[in-house]
Amino acid sequence: MPEQIPQDSIGLVTPQTLHFDQPLELECSTVLPGYTLIYETYGSLNEDASNAVLICHALSGNHHAAGYHSMEDKKPGWWDTAIGPGKTIDTNRFFVVVPNNLGGCNGSTGPTSTNPESGRPYGPDFPFVTVQDWVVSQARLADALGIHQWAAVVGGSLGGMQTLQWSITYPERLRHALIIAAAPKLTAQNIAFNEVARQAIRTDPEFHEGRYIEHNVLPERGLRLARMLGHITYLSDESMGAKFGRELREGHLNYDYGVEFQVESYLRYQADRFVGQFDANTYLLMTKALDYFDPAAAHGDNLSAALSRVSAQFCVLSFTSDWRFSPNRSREMVRALLDNDLKVSYAEITANQGHDAFLMKIPHYLNLFGSYMKRITVGGETS
Amino acid sequence: MKLRPDQEIICQWIQPGSRILDLGCGDGTLLRHMMDHHQVEGYGLELDDHNVLSSIENGINVIQSDLDRGLSDYFDSDSFDYVIMSLTLQAMNYPDQLLDEMLRVGKQGIITFPNFGHWRNRLQLLLGGKMPVNRNLPNSWYNTPNIHLCTVDDFETLCAQKGIRILERTVVDRQHREPALLKLAPNLLGEVALYRFERLPYG
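Line by line, the protein sequences give chains Y and L. Under our numbering, the first residue of the first sequence carries the number 1, and numbering increases by one thereafter. Under our numbering, the first residue of the second sequence carries the number 1, and numbering increases by one thereafter.
Quick caveat, the hints were computed from the structure, so don't treat them as lab data. We treat Cβ as the ideally placed atom computed from N, Cα and C, and that holds for glycine. Some clues are possibly wrong.
Restricting the straight-line Cα-Cα distance to at most 27 Å, the calculated cross-link-like pairs of lysine-lysine (DSSO-like) are [as the list claims (entries may be wrong)]:
#: 1; chain 1: Y; residue 1: LYS185; chain 2: Y; residue 2: LYS288
#: 2; chain 1: Y; residue 1: LYS361; chain 2: Y; residue 2: LYS74
#: 3; chain 1: Y; residue 1: LYS75; chain 2: Y; residue 2: LYS243
#: 4; chain 1: Y; residue 1: LYS374; chain 2: L; residue 2: LYS162
#: 5; chain 1: Y; residue 1: LYS75; chain 2: Y; residue 2: LYS343
#: 6; chain 1: L; residue 1: LYS183; chain 2: L; residue 2: LYS162
#: 7; chain 1: Y; residue 1: LYS343; chain 2: L; residue 2: LYS2
#: 8; chain 1: L; residue 1: LYS107; chain 2: Y; residue 2: LYS343
#: 9; chain 1: Y; residue 1: LYS361; chain 2: Y; residue 2: LYS374
Taking beta-carbon pairs under 8 Å as the criterion, some of the chain L residues facing chain Y (in silico) [to be verified]:
#: 10; residue: ASP49
#: 11; residue: VAL52
#: 12; residue: GLU57
#: 13; residue: GLY59
#: 14; residue: ASN61
#: 15; residue: TYR74
#: 16; residue: ASP78
#: 17; residue: LEU127
#: 18; residue: MET131
#: 19; residue: GLN161
Chain Y extracted, bound-state conformation (with noise of 0.2 Å):
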């Protein structure tokens, strides 16, 4: 619990949700009648509605970016160290809208919603939603807000397709793309883990092909086991050594298979932790959409050709020890944006964190991010 709200936080807030009866039909055909997005917002739209920032999330992300639900919150939202009054996405300046993702299982209609057509919760009959089908779902939830054109798009991960794919889908309503530890396509190793984790959630006994929910039941050791593997690749061989090397929890060998090291302990605690939050069939959901997003596909395989609609200015990052999506993939993104004269900056960070890099309180990281924000020109403001 904070005991008292962090100065720099933008404090207590609440989500709010909105329910679009305008169907919308996704990539793979299927047309969703009706859906729910549950967002959150902080700061506020300025007079000509010029300071909105989009975030997207990543894989296991949500809505609750930053600050606290309540004074019993342990932790504030996800991107708390980048999101925030004076922070490096200052809420003084821009209007953050954070929305969780169809598909998701916070609030926004997923697969642990009420399928209108069965009366039944979604369960595997929910359809498969791709980075496009995301961003058109977020686009009309800019124009339910009055925003027709963000300051800017930011993400990581995940969240940095989505900023990609908004650049080419919707060039004219953002003026920035922030794209950090992201890639424009995820490659064959990358599947392969996607694979793994999904296999580990189908076999686990209790999926009952999806239908766990009413079933009374969850797949908690496929969902943990997927989340482990998850968490070993969002991490280095670096960090990991020096967060927990070969630490004993006990200080010495027990010969059996309960927690002898600590990396064993971190990995079972982050497993635990998100199974109690995080739904399977979400899950899978997501790694699908991962899987999917290939923008230059539709294009002979050239990005650069993929990309020559698009006219925002461009901030990439990448993190050194970041292996799965390293800095060889954000540079793939650089060179094409480069093919198409667009105005571009890419920093390579070093940091041993991994993947996860881009969550973190990286001094570095947090001022080249930061100083690219400042130089977003909003209405009301004299340079």
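For chain Y, the structure is supplied; the task is to place chain L on it using the hints.
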């Protein structure tokens, strides 16, 4: 943001409205100045973290990259009117290859470097028997980033070997003036050398 004297000369050499690539752009001062006063567009390449941050603060398009990797990661041939490299050539692992790269992606190249043939350097080595340490070369031999120092004559010999035509040359002294005397013995009297050049047509 004040320009170094060699940067001021570079600004005089470029056509307003051109597309520029600045290799080793530092804190972005030169590119910022040219954007504000000469209507240029372009990118800066820079390796150092601190300089990349300053470049972003200065509002230029900066790409963090190692010039020793070449430019092929990012740039097609003939993408720029000018490729500029000021006081950076001597710190490169493969300066000769980078010269080729400059003229691959740019129509013209502009290079400035500290002239190792300056009389003060010669004197320090001749009389003192030690590697020169002075204003233009402030580091000791063991910790200097300047691993490929050359003289005005060395550079021009390389250009001749590579079929590079020198369009303009200036050498400046300690005060970055260009008195008449320097023109007579540039390799002896020039402290910093500046060149604008292009590739000779093949054949």
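Okay, the hints, checked on the actual structure:
no.: 1; hint: Y:LYS185 with Y:LYS288; result: holds (12 Å)
no.: 2; hint: Y:LYS361 with Y:LYS74; result: holds (18 Å)
no.: 3; hint: Y:LYS75 with Y:LYS243; result: holds (21 Å)
no.: 4; hint: Y:LYS374 with L:LYS162; result: violated (45 Å)
no.: 5; hint: Y:LYS75 with Y:LYS343; result: violated (37 Å)
no.: 6; hint: L:LYS183 with L:LYS162; result: holds (24 Å)
no.: 7; hint: Y:LYS343 with L:LYS2; result: holds (24 Å)
no.: 8; hint: L:LYS107 with Y:LYS343; result: holds (21 Å)
no.: 9; hint: Y:LYS361 with Y:LYS374; result: holds (18 Å)
no.: 10; hint: ASP49; result: holds (6 Å)
no.: 11; hint: VAL52; result: holds (5 Å)
no.: 12; hint: GLU57; result: holds (5 Å)
no.: 13; hint: GLY59; result: holds (6 Å)
no.: 14; hint: ASN61; result: holds (5 Å)
no.: 15; hint: TYR74; result: holds (5 Å)
no.: 16; hint: ASP78; result: violated (13 Å)
no.: 17; hint: LEU127; result: violated (43 Å)
no.: 18; hint: MET131; result: violated (31 Å)
no.: 19; hint: GLN161; result: violated (31 Å)
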